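So you can see what is in the structure, the chains are spelled out below.
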Amino acid sequence: MLRDITLGQYYQAESVIHRLDPRVKLGTTVLFIISLFAFDGFWGYGVAALFLGIVIKLSKVPFKFMVKGMKSIVFLLSVTVIFNLFLTPGEPLVQIWKLSITREGVRLAVLLSIRLGFLIIGSSVMTLTTTPNQLTDGLERMLRPLNKMRVPVHEIAMMMSIALRFIPILMEETDKIMKAQLARCADFESGNLVRRAKSLVPLLVPLFISAFRRANDLAMAMEARCYRGGDHRTRMKPLHYEKRDYIAYLIVIGYLVAGVAAGKLIPVLLGGVVL
Amino acid sequence: MSSTQQNFAGCGDREGKMGIVKVRDLIYEYIRRDEEGNVEGITTAVDDVSLDIRQGEFVAVLGHNGSGKSTLAKHLNAILYPTEGTVWVDGKDTKDDAAVWDIRQTAGMVFQNPDNQIIGQVVEEDVGFGPENMGVPTKEIWERVEESLKAVGMYQYRKYSPNKLSGGQKQRVSIAGVIAMHPKCIVLDEPTAMLDPQGRREVIRAVRALNDVERITVILITHYMEEVIYADRVYVMDKGRIALQGTPREVFSEVEKLKELRLDVPQVTLLAHELRREGFPMPKGVLTDQEFLEALEHCVSAVM
Numbered sequence: 005m006l007r008d009i010t011l012g013q014y015y016q017a018e019s020v021i022h023r024l025d026p027r028v029k030l031g032t033t034v035l036f037i038i039s040l041f042a043f044d045g046f047w048g049y050g051v052a053a054l055f056l057g058i059v060i061k062l063s064k065v066p067f068k069f070m071v072k073g074m075k076s077i078v079f080l081l082s083v084t085v086i087f088n089l090f091l092t093p094g095e096p097l098v099q100i101w102k103l104s105i106t107r108e109g110v111r112l113a114v115l116l117s118i119r120l121g122f123l124i125i126g127s128s129v130m131t132l133t134t135t136p137n138q139l140t141d142g143l144e145r146m147l148r149p150l151n152k153m154r155v156p157v158h159e160i161a162m163m164m165s166i167a168l169r170f171i172p173i174l175m176e177e178t179d180k181i182m183k184a185q186l187a188r189c190a191d192f193e194s195g196n197l198v199r200r201a202k203s204l205v206p207l208l209v210p211l212f213i214s215a216f217r218r219a220n221d222l223a224m225a226m227e228a229r230c231y232r233g234g235d236h237r238t239r240m241k242p243l244h245y246e247k248r249d250y251i252a253y254l255i256v257i258g259y260l261v262a263g264v265a266a267g268k269l270i271p272v273l274l275g276g277v278v279l
Numbered sequence: 034m035s036s037t038q039q040n041f042a043g044c045g046d047r048e049g050k051m052g053i054v055k056v057r058d059l060i061y062e063y064i065r066r067d068e069e070g071n072v073e074g075i076t077t078a079v080d081d082v083s084l085d086i087r088q089g090e091f092v093a094v095l096g097h098n099g100s101g102k103s104t105l106a107k108h109l110n111a112i113l114y115p116t117e118g119t120v121w122v123d124g125k126d127t128k129d130d131a132a133v134w135d136i137r138q139t140a141g142m143v144f145q146n147p148d149n150q151i152i153g154q155v156v157e158e159d160v161g162f163g164p165e166n167m168g169v170p171t172k173e174i175w176e177r178v179e180e181s182l183k184a185v186g187m188y189q190y191r192k193y194s195p196n197k198l199s200g201g202q203k204q205r206v207s208i209a210g211v212i213a214m215h216p217k218c219i220v221l222d223e224p225t226a227m228l229d230p231q232g233r234r235e236v237i238r239a240v241r242a243l244n245d246v247e248r249i250t251v252i253l254i255t256h257y258m259e260e261v262i263y264a265d266r267v268y269v270m271d272k273g274r275i276a277l278q279g280t281p282r283e284v285f286s287e288v289e290k291l292k293e294l295r296l297d298v299p300q301v302t303l304l305a306h307e308l309r310r311e312g313f314p315m316p317k318g319v320l321t322d323q324e325f326l327e328a329l330e331h332c333v334s335a336v337m
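One line per chain: the protein sequences are A and B, in this order. With our numbering applied, the first sequence has no gaps in its numbers, which climb one by one up to 279 at the end. With our numbering applied, the second sequence has no gaps in its numbers, which climb one by one up to 337 at the end.
No lab work stands behind these hints: they were computed from the structure. Do not rely on the hints blindly, as some may be mistaken.
[Stated by the list, open to error] Under the rule of at most 20 Å between Cα atoms (straight-line distance), these lysine-lysine pairs were calculated in the PhoX-like manner:
| # | chain 1 | residue 1 | chain 2 | residue 2 |
| --- | --- | --- | --- | --- |
| 1 | B | K172 | B | K183 |
| 2 | A | K241 | B | K192 |
| 3 | A | K180 | B | K197 |
| 4 | B | K172 | A | K241 |
| 5 | B | K217 | B | K125 |
| 6 | B | K197 | B | K55 |
| 7 | B | K183 | B | K217 |
| 8 | A | K61 | A | K72 |
| 9 | B | K272 | B | K290 |
The structure displayed is predicted, hence computed values, not measured ones.
If we strip away everything but chain B, and leave its shape as in the complex, we get (with noise of 0.2 Å):
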């Protein structure tokens, strides 16, 4: 696949280009075992995988169920180690145990279910959780737990119970608890597949709003298309290989081969690629319905 290979010297023109995450031939074996320990199998969830995430980047990772996507991220916060390759986070190499802890505080990790992932039975006490485990002064981990929670706008709920929040105030209380310990990069991992649209919808505006306002580098794993259009870039991940990779638009003209790749295109796109087959003049890998309302008068006052 050409695609596979394209160049995107176009695409480092947010400030900052150092890498912040590399991975080079990453490979990684579950050992399945049956019940006396014997060893059944063996399933590569990652297959040589190689990425350079730059400072201040938005990167979404794509793919359906078991295609290795949530093993990756787990790489980059050293929770899991390469079974080979190497995966350097801020220029640390994460099989170095003396590092383990800067790199989680480096890039830190939102995960899937918030019910899981909040250990404070008050929102604040939460967010100070890492703080807290980091040594922060009592000052500062209260200025910390402040400013994130704004910047998640979740400020006004600081004295509630975790438990009496919605799925997505959940969520940004979480990613509030990963930036009180002023990450360089934050990974989630499919943070909204447990929500609703409107907890979706919250949740990606309070990441883009990290992104954009804090230049906190993002990497996005999900299998929602909607969510990805924003990114910087995407890698389409299956069967623990990188399919396809480039900037949304460039992954979602090529809606054949995600077709291909049991993954949907959004709406929109896919209207605009079944007009381009009919012979209508519509560009490549529309993405937002503005852009389709564009193209399509454009197209009109072609073909009239």
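Pulled out of the complex, with its shape left as it was, chain A reads as follows (with noise of 0.2 Å):
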């Protein structure tokens, strides 16, 4: 049933990583993104998936789960891959027709599937250790200091978790009206794209008007029980670093430093073979 959904794409299970605080995982998931664009040469990316896959092991997260995000970008990532693979200039190693395969193209094109591969792995493992109320708690409290220019942080929190809450009501209400107008013979399926678009207007119209009722009535519920913004506002799950939390953010600076010394001091020590 639509109702059994689970939101984003946690995975539950009992593991180091799952406890870290929300914070750690979102600072480390945008510097180990930083990193992947930083580094140069394949020692850094040897580093970088040596680090991947120990927070895998770590994370208790069955491997498949984590693939399954790359199929969203095989498309992307094979026209890339083909772009720079031909249209990349310098020694040619191939001579197809007009096109050539470079040594360059060649370089290129591999290190951008590694980076795009591992950006996306990488931030599966955020999501899929993190619940959605986690991530959005870490984000306010990331964000608090936007609060001096004026943006509104709570609020933005407080929408996004409510918009999480109401994600799977507004589903349940969309299938019983689309029921109820294919009842009444509406015809969702056939005909052409303009066709197909007309005939939602009879689906999204009274499912507008519930959404706008519902919000109505929340914002009434949320005053009666005394909310009136973001501040004097005690947690009920405040966020706490913990010890792990701090051994995490040094291990994560360790890996930075070991990844930028690798992809300069490795070649060096090889006698300069650059790959």
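Two chains, two frames, some hints: make the complex.
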């Protein structure tokens, strides 16, 4: 049933990674993504692969869940790989008609697929080990300094969590309206694109009306429970950094240093062999 | 109608005689506007209502759709403000802006649709929402959440997503969310209207337990007669006015009057009433099956 859907792709497990503070996970993901673009040379990526591998192992989430995220970018990835392969100028390796695969092209294509692949897997690790709730909490805390710039951080976070709460309810409602309209011979499937888009009107109008009504009720219920914005509010589940969170930050810094060092030093040690 | 002005000195014998809610000459008017915003007409939803509710009482407000009972309820939580007249909650005037949050904390409100009043994505987080807003320290929030969920019998569901609960369970979570704010009084605005019979029983049982055990004042707005029989006092509303008031027994004695107001009476009450009309010596205002059986036995032995 629709009401059983889990939001995001959280994978329930007991692991160190799951227990980490969401801010650590968010920060690490951002740093990891930056590192993917900052490292040069394959040795840096070796370190990144090692880091990612250890994190995945620690998270106890089956690897196939990580790869799931890759499916969505296969098309994008193959297009960029093909363009890079054929259109990078340089020393030609293979010549097919007017197109040539160059040595530089191969290097770029491989680098790019590694970067994109790691990026997707890296962010999947975060979403798989953090509930949407924790993510919103983490974001709210991390973005709190923006409050001084008059960005309504608390309100945005509240909107996100209410949206998450209402998605299953509205989906169920869509399902109900759809069935009601089908019972009255509405046709959502045949015809060309314009016709199909038009046939959605009798679905969307009632849905929107009901969503507004719900929003109105919810606002009243929130006010009745003394909700008055983010000031003076205490938290039931406040975020606290624990020892493991500090250790995690240290490890991430270690990883960055190791990655940069590996990219710079190992080629020198190997006598200037640049891959 | 004479029963409107009956004296109820007899039903204040529960502990705490201080008035928690006091309504005087309340009038509330909706202004209907057409598309250009011109005033089309004025609907008087609540018309000259006065009532007093004492600490610890269980009061029911009955009425069919459009009788003004929900509008009245929303005044007790300072969601609506009187057009004329005054509402005091725990001695504070609801028109006083400075007192709004105190009033909302004193008189908690449970609404009709359980889905539209649950904010949290996990049961315990939703119950914690009110205390969070009030600025209660974290440790105390957890204590309040635990005790409120236990009071409505939903403690074992604390880690559940509200989407996976039944209607009755969701409504009990909403009630827990209100109790966690430690109100003196709970206003329930048709809490059972969207529930199945099983869910209705669960919710009413939870509400009665709160009133009996925790001594919280309960104001139950409903149109189900069966839910009213446990109340200390009943107000029946019609066209914005209080048409009848008294103990459930007194109100249900007026079967003809209730029919006039398009309200049903519980089946046993109706049966007893019909029997009485046929000349059987049945007492007025029979409320439960048990009472009916006793009355019938009495009746049969008298006839024999």
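Status of the hints after comparison with the structure:
Taking the CA atoms of K172 of chain B and K183 of chain B, the gap is near 17 Å; set against the 20 Å cutoff, the hint holds. Of the pairs offered as hints, the one joining K241 of chain A and K192 of chain B holds, with about 13 Å between alpha carbons and a cut-off of 20 Å not exceeded. Taking the CA atoms of K180 of chain A and K197 of chain B, the gap is about 17 Å. The hint holds against a cut of 20 Å. Note on K172 of chain B and K241 of chain A: the hinted pairing holds, with a Cα-Cα distance of about 10 Å set against a maximum of 20 Å.
Distance check on the hinted pair: K217 of chain B and K125 of chain B sit about 13 Å apart at the alpha-carbon level, within 20 Å; holds. In summary, the hint linking K197 of chain B to K55 of chain B is not supported, as the alpha carbons are separated by about 39 Å, beyond the 20 Å threshold. Restraint check for K183 of chain B and K217 of chain B: the C-alpha separation of about 18 Å stays at or below 20 Å, so the hint holds. Taken as a hint, the K61 of chain A and K72 of chain A pair is honoured in the structure, with Cα atoms around 17 Å apart against an allowance of 20 Å.
Annotation: proposed proximity of K272 of chain B to K290 of chain B holds, straight-line Cα distance about 14 Å (limit 20 Å).
In the structure shown, a violation is registered for the earlier hint numbered 6 alone.
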